[in-house]
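Visitor: The primary structure of each chain is shown beneath.
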Amino acid sequence: MNGDATLPLERFIQAVQSQLDNAQTAMAVKARNLSLPLTFAIKDISLDLRAHVEFSQSEIRIRPAAASDKEASQFHLVFTAITRPMIEENAIAFSEAPGESSIDDLKDDFSDEERKRLDEWGGVRNIDRLREILAHPEAARTVARVANVPLERLRQALARASTPQVHDVIPVPPDGAGDDLPALVRIRGRNLQRSGLPTVMVAGEPVAVVRADPNEIVIAPQPHQLAGELSVQTAPQERATAAFDLRPFWPASVKAEAAS
Amino acid sequence: MTSRRAFGEMLSDVGGGVLDALASDPGIVVRDVRYTLPVEFALSRSGDDVVVLGDVPRLITRTAFDLPTTRVEFTCVAEDLA
Chain A
28 MNGDATLPLE RFIQAVQSQL DNAQTAMAVK ARNLSLPLTF AIKDISLDLR AHVEFSQSEI
88 RIRPAAASDK EASQFHLVFT AITRPMIEEN AIAFSEAPGE SSIDDLKDDF SDEERKRLDE
148 WGGVRNIDRL REILAHPEAA RTVARVANVP LERLRQALAR ASTPQVHDVI PVPPDGAGDD
208 LPALVRIRGR NLQRSGLPTV MVAGEPVAVV RADPNEIVIA PQPHQLAGEL SVQTAPQERA
268 TAAFDLRPFW PASVKAEAAS
Chain B
9 MTSRRAFGEM LSDVGGGVLD ALASDPGIVV RDVRYTLPVE FALSRSGDDV VVLGDVPRLI
69 TRTAFDLPTT RVEFTCVAED LA
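Line order of the protein sequences matches chains A and B. Under my numbering, the first residue of the first sequence carries the number 28, and numbering increases by one thereafter. Under my numbering, the first residue of the second sequence carries the number 9, and numbering increases by one thereafter.
So here's chain A without its partners, still in its complex pose (with noise of 0.2 Å):
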């Protein structure tokens, strides 16, 4: 045993609810081993800890307080039972949906403990809830002092993590449906797509956008657009270029049309 070790507070509060539940598992044993259609179940503990905080990187870290230890703090927690129903809804609160971008992918622009600070104190998880937290000048700035991390530094990061970023430009191979219905190129990259369609444009000229998602758009180029420098604009200041040249993918009847 190692009575001088210190412990993160969450990690603590783990460990409690690991012992709860190793409590609750080892009654219904026994109250099964003794044939009784019921067991008892832990429904409410509190305690009043007496213990010595600390703080360092970040994190609240406690130690029990030892044999003659007067001056230790005095923490009050309670536990409380609840439903798989509670859970589930805690969880989906929390979950990222696919291809969300963690605030991890922030790592050029914050260090590990700014990163922690941001997630475990502010409650900026991901990038969506930081631009929903800079939308709101006042959430903005309490997070700011929170995270202690400068709002101006907040604002930086998510302008370049929101730019738009074209990855892959590829041809919608043909599904057979008709000669007449015009090809398709899909664009692949990062934030194609915020509010609204994004305007795409190959050499300068504007082109359809079939549909678009942050992740995807794909869009019906006429003929002469299979090549040239490709454009996609999601806001006014917010563009990524590329360039392609899809001409030889195309289909024998869209190239003789272009070269008409």
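Take these hints with a grain of salt, some might be off.
To be verified - Ranges of calculated distance between the beta carbons of each label pair, as one might list FRET restraints:
#1 A:Thr107 to B:Pro34: 25 to 33 Å
#2 A:Thr107 to B:Asp21: 17 to 25 Å
#3 B:Arg53 to A:Ser85: 45 to 53 Å
#4 A:Asp139 to B:Pro46: 35 to 43 Å
#5 B:Asp56 to A:Pro200: 44 to 52 Å
#6 B:Tyr43 to A:Gly150: 35 to 43 Å
#7 B:Glu81 to A:Ser85: 27 to 35 Å
#8 A:Asp240 to B:Asp21: 53 to 61 Å
#9 B:Tyr43 to A:His163: 40 to 48 Å
#10 B:Arg42 to A:Arg172: 15 to 23 Å
#11 A:Asp75 to B:Phe73: 15 to 23 Å
#12 B:Arg42 to A:Glu179: 48 to 56 Å
#13 B:Asp74 to A:Thr107: 29 to 37 Å
As the list claims (entries may be wrong) - Which stretches of chain B does chain A cover? Using the computed rule of at least three CB atoms under 8 Å from a CB of chain A, they are:
#14 13–24
#15 27–33
#16 46–58
#17 72–82
Hints are computed from structural coordinates only; laboratory data are not their basis. By construction, the Cβ of each residue, glycine as well, lies at the ideal position given by its N, Cα and C atoms.
With chain A held as given, fit chain B onto it using these hints.
Guide: Frame of chain A; chain B shown alone:
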């Protein structure tokens, strides 16, 4: 030196005492039980795992060598095993 039990082990021993009473007399109906106990807490590390040790004081008379006690209140409610 006598080792302290894990907190969960102590809770299940205390809470499970009612189960023994129920098994010995099927006529007893208990809906809930409330406990208030003095508990000595400590942490034990085993590799990366941390176990919360929590046990009732071993002696009635307190000495300077005993850990301070924490007042623990908990309620156990009857629940169908199914």
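Visitor: Look at each hint and say if it fits the structure.
Guide: For each hint, the structure was consulted:
{"no.": "1", "hint": "A:Thr107 to B:Pro34: 25 to 33 Å", "result": "31 Å, holds"}
{"no.": "2", "hint": "A:Thr107 to B:Asp21: 17 to 25 Å", "result": "22 Å, holds"}
{"no.": "3", "hint": "B:Arg53 to A:Ser85: 45 to 53 Å", "result": "22 Å, violated"}
{"no.": "4", "hint": "A:Asp139 to B:Pro46: 35 to 43 Å", "result": "41 Å, holds"}
{"no.": "5", "hint": "B:Asp56 to A:Pro200: 44 to 52 Å", "result": "50 Å, holds"}
{"no.": "6", "hint": "B:Tyr43 to A:Gly150: 35 to 43 Å", "result": "36 Å, holds"}
{"no.": "7", "hint": "B:Glu81 to A:Ser85: 27 to 35 Å", "result": "32 Å, holds"}
{"no.": "8", "hint": "A:Asp240 to B:Asp21: 53 to 61 Å", "result": "56 Å, holds"}
{"no.": "9", "hint": "B:Tyr43 to A:His163: 40 to 48 Å", "result": "46 Å, holds"}
{"no.": "10", "hint": "B:Arg42 to A:Arg172: 15 to 23 Å", "result": "43 Å, violated"}
{"no.": "11", "hint": "A:Asp75 to B:Phe73: 15 to 23 Å", "result": "22 Å, holds"}
{"no.": "12", "hint": "B:Arg42 to A:Glu179: 48 to 56 Å", "result": "54 Å, holds"}
{"no.": "13", "hint": "B:Asp74 to A:Thr107: 29 to 37 Å", "result": "30 Å, holds"}
{"no.": "14", "hint": "13–24", "result": "holds (count 8)"}
{"no.": "15", "hint": "27–33", "result": "holds (count 4)"}
{"no.": "16", "hint": "46–58", "result": "holds (count 7)"}
{"no.": "17", "hint": "72–82", "result": "holds (count 10)"}
In summary, the structure is inconsistent with hints 3, 10 from the numbered list given earlier, while agreeing with the others.
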